[in-house]
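One-letter residues, chain by chain:
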Amino acid sequence: MAPVDDGRGDDGREGAGRGHDGRSDDANKADAAEAMATRELLRFLTCGSVDDGKSTLIGRLLYDSKLIFEDQIAQLAADSAKYGTVGDDIDLALLVDGLAAEREQGITIDVAYRYFATAQRAFMVADAPGHEQYTSNMATAASTVDCAVILVDATKGLLPQTKRHSHICARFGIRHVVLAVNKIDLVGFDETTFATIVDAYAAFAEGLGFHDVTAIPLSARHGDNVTLPSARMPWWKGPTLLARLETLTVTDTADAVPLRFPVQWVNRPDAGFRGYAGTLASGAIACGDEVMVFPAARQTKIAQIITADGAPPRARAGEAVTLVLEDDVDVARGDVIASPSARPIVSDQFAAHVLWMGSTPLLPGRTYHMRIGMHWTSAMVTALKHKVDIETGQPLAARKLDVNEIGLCNLSTPTNIVFDAFADNPHTGSFILVDRGTNATIAAGMIDFELRRASNIFMEALAVDKAARASIKQQRPCIVWFTGLSGSGKSTIARLVEMKLFKRGQHTYMLDGDNLRHGLNRDLGFTQADRVENIRRVGEVAKLFVDAGQIAICSFISPFRAERQMVRDIVDAGEFVEVFVDTPLDECIKRDPKGLYAKALKGEIKNFTGIDSPYEAPARADMRIDTVDVSADAAADQVIAWLEANGHIA
Amino acid sequence: MSTITPPAIAAESTDATAAQSPAHLRRLENEAIHIMREVVASFEKPVMLYSIGKDSSVMLHLALKAFYPATPPFPFLHVDTTWKFREMITFRDAAMAKRGLDLIVHTNEEGLRQGINPLTSGSSVHTDVMKTQALKQALDHHRFDAAFGGARRDEEKSRAKERIFSFRSADHGWDPRAQRPELWRLFNTRVERGQSIRVFPLSNWTEVDIWQYIAAEGIEIVPLYLAARRPVIEREGTLLMVDDERLTLRPGEVVEQRQVRFRTLGCYPLTGAVESDATTLEAVVAETVGVRTSERHGRLIDADEAASMERKKREGYF
Ligand SMILES: Nc1nc2c(ncn2[C@@H]2O[C@H](COP(=O)(O)OP(=O)(O)O)[C@@H](O)[C@H]2O)c(=O)[nH]1
Numbered sequence: 001m002a003p004v005d006d007g008r009g010d011d012g013r014e015g016a017g018r019g020h021d022g023r024s025d026d027a028n029k030a031d032a033a034e035a036m037a038t039r040e041l042l043r044f045l046t047c048g049s050v051d052d053g054k055s056t057l058i059g060r061l062l063y064d065s066k067l068i069f070e071d072q073i074a075q076l077a078a079d080s081a082k083y084g085t086v087g088d089d090i091d092l093a094l095l096v097d098g099l100a101a102e103r104e105q106g107i108t109i110d111v112a113y114r115y116f117a118t119a120q121r122a123f124m125v126a127d128a129p130g131h132e133q134y135t136s137n138m139a140t141a142a143s144t145v146d147c148a149v150i151l152v153d154a155t156k157g158l159l160p161q162t163k164r165h166s167h168i169c170a171r172f173g174i175r176h177v178v179l180a181v182n183k184i185d186l187v188g189f190d191e192t193t194f195a196t197i198v199d200a201y202a203a204f205a206e207g208l209g210f211h212d213v214t215a216i217p218l219s220a221r222h223g224d225n226v227t228l229p230s231a232r233m234p235w236w237k238g239p240t241l242l243a244r245l246e247t248l249t250v251t252d253t254a255d256a257v258p259l260r261f262p263v264q265w266v267n268r269p270d271a272g273f274r275g276y277a278g279t280l281a282s283g284a285i286a287c288g289d290e291v292m293v294f295p296a297a298r299q300t301k302i303a304q305i306i307t308a309d310g311a312p313p314r315a316r317a318g319e320a321v322t323l324v325l326e327d328d329v330d331v332a333r334g335d336v337i338a339s340p341s342a343r344p345i346v347s348d349q350f351a352a353h354v355l356w357m358g359s360t361p362l363l364p365g366r367t368y369h370m371r372i373g374m375h376w377t378s379a380m381v382t383a384l385k386h387k388v389d390i391e392t393g394q395p396l397a398a399r400k401l402d403v404n405e406i407g408l409c410n411l412s413t414p415t416n417i418v419f420d421a422f423a424d425n426p427h428t429g430s431f432i433l434v435d436r437g438t439n440a441t442i443a444a445g446m447i448d449f450e451l452r453r454a455s456n457i458f459m460e461a462l463a464v465d466k467a468a469r470a471s472i473k474q475q476r477p478c479i480v481w482f483t484g485l486s487g488s489g490k491s492t493i494a495r496l497v498e499m500k501l502f503k504r505g506q507h508t509y510m511l512d513g514d515n516l517r518h519g520l521n522r523d524l525g526f527t528q529a530d531r532v533e534n535i536r537r538v539g540e541v542a543k544l545f546v547d548a549g550q551i552a553i554c555s556f557i558s559p560f561r562a563e564r565q566m567v568r569d570i571v572d573a574g575e576f577v578e579v580f581v582d583t584p585l586d587e588c589i590k591r592d593p594k595g596l597y598a599k600a601l602k603g604e605i606k607n608f609t610g611i612d613s614p615y616e617a618p619a620r621a622d623m624r625i626d627t628v629d630v631s632a633d634a635a636a637d638q639v640i641a642w643l644e645a646n647g648h649i650a
Numbered sequence: 651m652s653t654i655t656p657p658a659i660a661a662e663s664t665d666a667t668a669a670q671s672p673a674h675l676r677r678l679e680n681e682a683i684h685i686m687r688e689v690v691a692s693f694e695k696p697v698m699l700y701s702i703g704k705d706s707s708v709m710l711h712l713a714l715k716a717f718y719p720a721t722p723p724f725p726f727l728h729v730d731t732t733w734k735f736r737e738m739i740t741f742r743d744a745a746m747a748k749r750g751l752d753l754i755v756h757t758n759e760e761g762l763r764q765g766i767n768p769l770t771s772g773s774s775v776h777t778d779v780m781k782t783q784a785l786k787q788a789l790d791h792h793r794f795d796a797a798f799g800g801a802r803r804d805e806e807k808s809r810a811k812e813r814i815f816s817f818r819s820a821d822h823g824w825d826p827r828a829q830r831p832e833l834w835r836l837f838n839t840r841v842e843r844g845q846s847i848r849v850f851p852l853s854n855w856t857e858v859d860i861w862q863y864i865a866a867e868g869i870e871i872v873p874l875y876l877a878a879r880r881p882v883i884e885r886e887g888t889l890l891m892v893d894d895e896r897l898t899l900r901p902g903e904v905v906e907q908r909q910v911r912f913r914t915l916g917c918y919p920l921t922g923a924v925e926s927d928a929t930t931l932e933a934v935v936a937e938t939v940g941v942r943t944s945e946r947h948g949r950l951i952d953a954d955e956a957a958s959m960e961r962k963k964r965e966g967y968f
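Protein sequences, first through last, are from chains U and H. For the first sequence, this note's numbering gives the first residue as 1, with consecutive numbering after it. For the second sequence, this note's numbering gives the first residue as 651, with consecutive numbering after it.
What the hints contain is simulated information worked out from the structure, not anything from laboratory work. Heads up, a few of these hints could be off.
FRET-style restraints, in silico, Cβ to Cβ [claimed, not checked]:
1. GLU886(H) - GLU391(U): 48 to 58 Å
2. GLU191(U) - GLU886(H): 52 to 62 Å
3. ASP743(H) - ARG436(U): 43 to 53 Å
4. LYS301(U) - GLY868(H): 29 to 39 Å
5. THR930(H) - GLU391(U): 55 to 65 Å
6. VAL266(U) - THR930(H): 35 to 45 Å
7. THR249(U) - GLY868(H): 29 to 39 Å
8. ALA296(U) - GLY868(H): 40 to 50 Å
9. VAL905(H) - THR249(U): 53 to 63 Å
10. GLU884(H) - GLU40(U): 41 to 51 Å
Residues on chain U that point at chain H, a partial pick, calculated with CB under 7 Å [unchecked claim]:
11. GLU40
12. ALA112
13. TYR115
14. MET124
15. SER136
16. GLN264
17. ASN267
18. PRO269
19. THR279
20. GLU319
21. ALA320
22. THR441
23. ALA444
Glycine residues also receive a C-beta, built at the ideal position from the N, C-alpha and C atoms.
Just chain U, same shape as in the assembly (with noise of 0.2 Å):
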């Protein structure tokens, strides 16, 4: 095995570890697998920024801890001198980098779990990557875990991922936090570089809620106060960083707040028996305990709890069991079986933050499936309240969210849901939301507080309107109103956009004067009044097809503002699109595709916008358009473009 610098015996460091340490020893061994008998599993993640030294970091906990087996020395030395970064030294980032892809990328792009273990605990590793698209990865292990080990490069201080990093860990509730000072070495061991540091990160960290964080100066590479500690930090005095985990209470509010079992499975072995079995998500259990089951609420009293190894009297959080129920209630899976004393949240509508993982935005309107406990139930985000600054916590307005972006919602869902706030109880406040085409998992969530409303706004929910309709079109529908003399190009530019617009799966429908005219409108002229009445039809028909979720496309002359300003009033805020084809008149003249302008310009044509009739061009319109020097084509495009910047489409 090739020699790894860490100094190992020189500093008489050899054999100061632990109980489990030696190898060739049977005493040794019978006294571990004693100890292992009573110990506990601590999960925790690390995270911080790309080089920071996690992989480092885990592949010398492995290694010092002897979980490393010789097979895999082998593989490491050959690997050491394919793939690794140290010279001629064993990698130790090796041990962990899993994936054959992100080898060859020399980064760590997915969540890795590992597995170690000393005399006093048991541990699970969730290797968190520090890429800044992999935010949901670096979640993800935070949503399992009971503690964070934060790495901070010694020569380079807090980084923005390390404050990004910080409040994942915060929002998604984990309370303990080790910051690890990586690479003292490299700062020469220096006492006050590492207290610069540390009190920089508790001005940053102090409102973020957690229980306690615990700063260690170590180097992952050499080993310094990783599981032993260090003689070239004379001036330390606090633990290593095994220490630490090895000795962390974990403060686990499970089992403190009141009960929660939400009903997995109805087993039903035969006509003689029924019991629901479970996981308690949180509080205890005890036979004879009035219990209530929601969302219906009906009161009971636990007369059973089974398990295979017998009928305990009582059961905690975290146990997988299984309840019969003192009366014959109806209950199915999904259910939420609760302390009749301290209530969960039925509700329809709610509050949440949102950390979003999918590749195409999260739009307000859309409708996702949604998986709370141990339900499935679908959730319209109904509004985007504002996004959050992952780095600094602060609200910023916004219409979508993309991936990797954190925000607060509304939502809603068709019936009843049981929930807690996610600050009450993390195991009934936290949701996914799954995306109805590709059953992708696409964001998870953390419910803030029930939306109290009117009753009426139930029925309204539970009503086909027109977010519902909108909703499974995928889309924000709008009025996409076209406005610029004859022969500006509006009518070429709208049918452009129809036709992008269809390619890419919306649903739409253009009004034009030709279909119009010929049909619901074939008793109208040209006079003023007549033009009134035309663009009042026109605006009402597009207010329909908004209403059944489309986006309607409209391409009129529509002179005046006042006209244009009736038909934006028909409808929502934002529904109203106007796009200004703002085609000079001479240009026009000139283009003259119908011989219209010939003929006005001789006075045939009475009452010709542009030559004996005005028109108003929109003082502020949502977009306008210069066709001479842009294609209709790249001008169709700048309206998709603002379409989908608007939220309108994905």
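With chain U fixed as given, assemble chain H with the ligand onto it according to the hints.
This is chain H with the ligand only, laid out in the frame that chain U set:
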């Protein structure tokens, strides 16, 4: 509602041993039971892969616990290459019959007809045809939409990133980039028709955990895991057990009686034995805590480069 008088299952387990299980094993046990119930509640036709090894014994034990007092509501599938140790087959049939479980044994008949075998076809061809292809055949034939496997993340580096619920395309492929994040305990169990999942309830267990759990719960395992004098030959640095007459000796090879045991069990010509005096479970646990080679070391299919397992997985090897 009527109540029942437990316990009726798990002849091997008693209240006393259960109470002694370490806290971390309890946590792992609860997690595995939770996962198994989740699959049964969410899928139409699950199956549990049963390879007769120690991990399968633990899986079976957990399944009996998870659905108690019902029996596990799914069949067990053994993909038989016809090269398993004879003791494994005896053990399998007894374990299933004793509990009245539904066992499906599938062999790739086409592979048999082609004469594929571990001795002359080579380990990778044999594994591909008789294990990987055979498994796909069985899953397709029975239209199982979820298959439980006993794989652990600690077994091999590429497995460290495997999800508990691992999605497979209609042709059983695994794409490491298209796996779903697993948040909290909120597993996304939605699949399209034709897609299926492999579920690994023992993902977070280590080899030591498995042994400790077997000891604590008194789970029956194939006796080959305990050291005994067995007829072995040494071939290319590996100790192979001569389990039947199909293993023909090469010049210079002699059958010796040696005190050996197995850390994993597979096809006997591909499974290396280790010399050991661990004749009891306690001794095996103690030996495992101090062991210096990884468990897969004895499996000849892994002897090539590190990325091999990942490639096999993409191709549908469990
Ligand atoms: N000098 C020194 N280098 C380190 C230390 N820890 C990690 N490194 C080096 O920093 C680089 C990045 O480490 P790696 O573990 O791959 O970082 P990751 O991206 O956070 O996983 C590698 O070249 C390591 O050898 C340390 O404590 N001291």
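We went through each hint and held it up to the structure:
Between GLU886(H) and GLU391(U), the C-beta spacing of about 57 Å keeps the proposed range 48 to 58 Å intact. Taken as a hint, the range 52 to 62 Å holds for the pair GLU191(U) and GLU886(H), whose Cβ atoms sit roughly 55 Å apart. Checked against the hint of 43 to 53 Å, the pair ASP743(H) and ARG436(U) passes, with Cβ atoms roughly 46 Å apart. The supplied range of 29 to 39 Å is met by LYS301(U) and GLY868(H), whose beta-carbon atoms lie about 34 Å from each other.
Range check, THR930(H) to GLU391(U): Cβ separation about 57 Å, and the 55 to 65 Å hint holds. One distance hint, 35 to 45 Å for the beta-carbon pair VAL266(U) and THR930(H), holds here, with the actual separation near 41 Å. Here the CB-CB span from THR249(U) to GLY868(H) is close to 32 Å, well matched to the stated 29 to 39 Å. For the hinted restraint 40 to 50 Å between ALA296(U) and GLY868(H), the CB-CB distance of approximately 42 Å keeps it satisfied.
Between VAL905(H) and THR249(U) the beta carbons are some 57 Å apart, a value that agrees with the proposed interval 53 to 63 Å. Checked against the given bound of 41 to 51 Å, the beta carbons of GLU884(H) and GLU40(U), roughly 43 Å apart, stay inside it. Annotation: GLU40(U) was flagged as interfacial toward chain H, and the flag holds, the nearest CB pair being 5 Å apart, inside 7 Å. At about 4 Å, the closest approach between the beta carbon of ALA112(U) and any beta carbon in chain H falls short of 7 Å, and the interface hint on this residue holds.
For the restraint placing TYR115(U) at the interface with chain H, the shortest Cβ-Cβ distance is roughly 5 Å, inside the 7 Å limit, so the hint holds. Below 7 Å, beta-carbon pairs count as interface contacts, and MET124(U) has one with chain H at about 6 Å; its hint therefore holds. About 6 Å separates the beta-carbon of SER136(U) from the nearest beta-carbon of chain H, less than 7 Å, and the hint is met. Taking 7 Å as the C-beta contact cut-off toward chain H, the hint placing GLN264(U) at the interface holds, the least distance being around 5 Å.
Taking 7 Å as the C-beta contact cut-off toward chain H, the hint placing ASN267(U) at the interface holds, the least distance being around 6 Å. Interface hint status for PRO269(U): upheld, as the beta-carbon distance to the closest one in chain H is roughly 4 Å, under 7 Å. Hint status for THR279(U) relative to chain H: holds, with the closest Cβ pair at about 5 Å, below 7 Å. At about 6 Å, the closest approach between the beta carbon of GLU319(U) and any beta carbon in chain H falls short of 7 Å, and the interface hint on this residue holds.
About 4 Å separates the beta-carbon of ALA320(U) from the nearest beta-carbon of chain H, less than 7 Å, and the hint is met. Given hint, THR441(U) at the interface with chain H, holds; its Cβ is 5 Å from that chain's nearest Cβ, closer than 7 Å. With its C-beta approaching chain H no nearer than about 5 Å, ALA444(U) sits inside the 7 Å limit, and its interface hint holds.
No hint from the list above goes unmet by this structure.
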